[in-house]
Every structure is written in structure tokens, then in C-alpha cells.
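> Top to bottom, those sequences are chains A and B. Here the first sequence stands for residues 1 to 267, numbered as in my numbering. Here the second sequence stands for residues 1 to 267, numbered as in my numbering.
Take these hints with a grain of salt, some might be off.
[As the list claims (entries may be wrong)] Computed list of lysine-lysine pairs in DSS-like fashion (alpha-carbon distance at most 25 Å, straight line):
id: 1; chain 1: B; residue 1: Lys24; chain 2: A; residue 2: Lys92
id: 2; chain 1: A; residue 1: Lys182; chain 2: B; residue 2: Lys24
id: 3; chain 1: A; residue 1: Lys182; chain 2: B; residue 2: Lys190
Keep in mind the hints are simulated off the structure, nothing from the lab.
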Amino acid sequence: MNLKKYTSLLRAGIMESLNYRLSALVLFFGNLVYIAIIYYLWRAIYASSPTDVVGGMTFTDTLIYVVLASSLFSFMEMYFVWDIGRSVQSGKIALDLIKPMAYRDYVFWSCAGTLFTNFFSVFLPTFIVIEIVTKGAIDFGMNLVWFIPSVIMGVVINYNIDFFVGSICLYTESIWGINMMKQVIVLLFSGATIPLAFFPDKLQSIAYHLPFQSIYNTPLSILLMHSPSVSQVLPMILLQLFWCVALTLFTSLFWFISIRQVTVNGG
Amino acid sequence: MENKGFLFYLRIYRKILAQDIKSKMSYRADFIISTIGMVLTNVAGFISFWILFQNFSSINGWGYYEMLFLYGFSLVSITPVQCLFDNNWNLRILVREGDFIKYCFRPINLFFYFQSEIFDIKGLGQLAFGIGTIAYAWYRLALPVTVLAIVKLVVFLLSASLVMIALQNAAAATCFWLQNSFFILDFAFKLKDYSKYPITIFDPVFRFIFTFLLPIAFIAYYPSIVILRPDAIPLLSYLSPFVGIILFYLSYKFWMYGALKYDGTGS
Numbered sequence: 001m002n003l004k005k006y007t008s009l010l011r012a013g014i015m016e017s018l019n020y021r022l023s024a025l026v027l028f029f030g031n032l033v034y035i036a037i038i039y040y041l042w043r044a045i046y047a048s049s050p051t052d053v054v055g056g057m058t059f060t061d062t063l064i065y066v067v068l069a070s071s072l073f074s075f076m077e078m079y080f081v082w083d084i085g086r087s088v089q090s091g092k093i094a095l096d097l098i099k100p101m102a103y104r105d106y107v108f109w110s111c112a113g114t115l116f117t118n119f120f121s122v123f124l125p126t127f128i129v130i131e132i133v134t135k136g137a138i139d140f141g142m143n144l145v146w147f148i149p150s151v152i153m154g155v156v157i158n159y160n161i162d163f164f165v166g167s168i169c170l171y172t173e174s175i176w177g178i179n180m181m182k183q184v185i186v187l188l189f190s191g192a193t194i195p196l197a198f199f200p201d202k203l204q205s206i207a208y209h210l211p212f213q214s215i216y217n218t219p220l221s222i223l224l225m226h227s228p229s230v231s232q233v234l235p236m237i238l239l240q241l242f243w244c245v246a247l248t249l250f251t252s253l254f255w256f257i258s259i260r261q262v263t264v265n266g267g
Numbered sequence: 001m002e003n004k005g006f007l008f009y010l011r012i013y014r015k016i017l018a019q020d021i022k023s024k025m026s027y028r029a030d031f032i033i034s035t036i037g038m039v040l041t042n043v044a045g046f047i048s049f050w051i052l053f054q055n056f057s058s059i060n061g062w063g064y065y066e067m068l069f070l071y072g073f074s075l076v077s078i079t080p081v082q083c084l085f086d087n088n089w090n091l092r093i094l095v096r097e098g099d100f101i102k103y104c105f106r107p108i109n110l111f112f113y114f115q116s117e118i119f120d121i122k123g124l125g126q127l128a129f130g131i132g133t134i135a136y137a138w139y140r141l142a143l144p145v146t147v148l149a150i151v152k153l154v155v156f157l158l159s160a161s162l163v164m165i166a167l168q169n170a171a172a173a174t175c176f177w178l179q180n181s182f183f184i185l186d187f188a189f190k191l192k193d194y195s196k197y198p199i200t201i202f203d204p205v206f207r208f209i210f211t212f213l214l215p216i217a218f219i220a221y222y223p224s225i226v227i228l229r230p231d232a233i234p235l236l237s238y239l240s241p242f243v244g245i246i247l248f249y250l251s252y253k254f255w256m257y258g259a260l261k262y263d264g265t266g267s
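Using the sequences and the hints, build the whole thing.
See the structure below:
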């Protein structure tokens, strides 16, 4: 396997996003404001509650969960559905398809650079800030070790869902609407807006049967555990693995069928 | 608008609007999907609101129906920015790729022509949803229904919407100076999600910021108080209509300042 073509796309992506240093700065400060808002909001919510623990979560748990969910979101969100949609509308997709690389891989590795820089400019600073604010509430133990593969699988699942949505664009030529629907469903059922622990039983069991909770809820739940045992974590990780494999197969197949839809008029 | 008159602009607006709606209707599937996406967004927003109140009975002394009123109020007051000023999202792309120059060659107000080009019909669903929410909360809170109250509501809704429009204009206009202003625009747009919470949950520093620097408190909190708690109206509530008008004027000047110094890309 020739890895060089992937690494050069990755490098190009990193260099491209480093070009927009100011936007990284805005992203960083925007994130700080966001953390502050979330902090005061949930503090007020918990202050109005008669008990300290709600739905099995303390204020600190909720704060870590909600803040990191949002930073995971801005770190993982690659916005490439828009690129696919635009390439279809402009006809650029014809050029992408004749590249000596599968389109799936091409899209993923083009975005991987942004993913890489976002990790350092968004996720890591947020993680450090929240660790300081909560006075070290996140353990540095096995939970962190499990968290890493869990996030990586979250990225893969998120990527697959986005790629599926991008494939739908080949039929509908609608980008905004489809993307909006995806975002709403993913954000709600992955626990990114409100932790899944707060959901009423019925909604919660629906959420646990959908792949979305594997994107944010699983890694974050693992992170919040205190020295978890293998038997606690393994079922969650295996479920993620299942979704990774199943979605990869499904979206590859769906793309293979959908790509026949594309018609490009001259150029 | 000084030299051409209001009616002239109204007539032009109607014509541009008709063209825009025609072109939208030619992508019927996209229109339908986008509308569903918008409805879904509002439904999901309401579901997360509802889930929150399943776990907590009040926030900082604000009960369920009062919060629902704030929520509906913020939905309605962000509708005009969604419907009438949606072209701001395209501004940075048009500026970067040089297409913005076409707006500079029209013998009408640049800002007016640019914003009138797109009317986002999807926002009307949100308007209906918001009005429904306000009406329901109004009924459950047993607030008196008088002509004066309705007039107050409409005046404060309109002026609150100017605040959001001003924020969005100013954020979009940064693209005349910055290369990638998407994050600023996105940040301003996300701020609106926090306008539905009472400002009293924040500490004084953030209360100051959200009142005077990033004035999201004027989107729902200060104007709503006039109707929700008529016994203790802060001075800032009475000022909110003027705040809306002044901010809108300033953002217009800022936008125009950037637009007039724009000198194309040379292509």
C-alpha cells in the first residue's frame, strides 16, 4: 500500500488550515465564551434543583460532558458534505472521481488535516481549561486510555454518517436541508445538546439503539468514569466497533450505487 | 434610501423577491427538504427544552411556562434575520471570489440590494412555531390579553429582532477584512441559542458583556420582562427598542464601510 498519497493530502490539509491562523484564534476565544456560558447555565440549573445528583450526574459531570461534547463536535465536524454538494453542482466531482484514489479516501484524507489541527486548537485547550475549572475532576487513568480509541471510532462513525448524507446529495441536489436534518438528529441523539442520562426512559432507549450515541456519548461516558474495569468498557467499545464496520460497509455500498446518478454537463 | 424614496425600494424588493422565489421553486425537492429540516430543527430545540424541564422544575426562579415564553420570544425575534438577511452567509464567498463587485455597480443602495437578493421562506415555519409557543405560554401563564399588551409584544419583538440582525451584519462584514470569517459569523449565530435564558443566571461580568458588548440579552430577556413581569421592569427593558435601532444603524454603517472599501479581486 502506498501511504504517501494519503500523507501528502494530510500535509496539504494541515498547511491549508494553518493559513487561517486568525480563525483558529477566533475559534479558541469563541470556545472560551461558550464554556463560560455553559458553566453559568448549568450552575443555575443545578442551583435550582433540590438534589445535587440528577439523572446520575453531578454538576461537574454535566459540565465536563456538555463542554467536551461541543468541542468534540467542532473538532470532528468536517463540513465536507458542503464540498460534495458543491462539487456535484459545479461538476468538479468528475475531476475528483478520476483521481487515482477512491473518492471516499480522497475526501477523508483531504479533511484529515483540518481534523488534526482542530485537535490541537480546539479540543486540547478546551480539555485543559475544563480540567482546571473542575479542579482535576477528570481522572488520568484507564478512562483516558480507553477514551482515545473511542474518540477515533467516533470520528469514523461521524465521517460515515456525513459521507452517507453527502451521497444523498447526489440524488436531491439539496445540501442545506439534508445537512440541517443530519445535524439536528445527530446533535440530539448523540447527547451533544443534552446528556443522554437526562432523557426520559423511552427516548433514552431509542437513542441507545441508534448509531449517533456512539459518536459523543460513548467516549464522554468513558471519560467520566473513575478507573473503569475492562468489563465495564468493553461492551461500549464493541458496540462502537460494530457501528464502525456496519456503517463503513453500508455507506461504501450506498456510494457505489449512488455514484451512477451523477451527470455532469460538459465543463 | 434618502434619495430614492421608500416606495421605490419597496417596488424593487417585490420584483427581486419574485425572482428569488421562482428560482427556489425550480429546485422543488430542495425546497421541501429544507423546510422539513427547519421544522425538525425547531422540534429538536423544543424536545431538548422539554427534556431539561423533565429533570429540573425551574431555572433561577423562572418556571417552565415563563421559560417557554422566553424561548418562543427568541424564536420569533430571530426570524427576520433568517428570512431577510440570509445572504450574509454568502458574503464571505462572494467577497473572496470577486463576485461581490456586481453589487457595487447598481444605482441603488448597496446594502439593500445585497440583502434583498435572498428571501428565506423556510424561516416562516419558525415564525409560526414561535408564535404558537408564545401564545401557549401566554395562555398557561394567564397573562391578560389586551390591545396594549399585544402592541407592546409586537413593538418589542420587532426591536429585539433588530439586535440579532445587527449582530449578524457586523459579523458578516468582518469578511471585508478577514479571509475566513465563517467562524465569526457562526459564533454570532450560535450566540442566539443562549438568548433564551434569563440573564440573571450569569455573574456580573458576563451580565455586562451580554448586555453591552455582545448584546444578546436584548434578543429575548429584556424585552420579554416587560410582558412577563410588569411589576419590576428594569430601565434597560424600556431602552431595548432604541438599542435595537441604534445597533442596527451602527451595523449598517460598519457593513457599508467595509463594502465601500472593497476593491475586487482583480479578475
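> Honestly, which of those hints from before does the structure not fit?
Violated hints: none; all satisfied.
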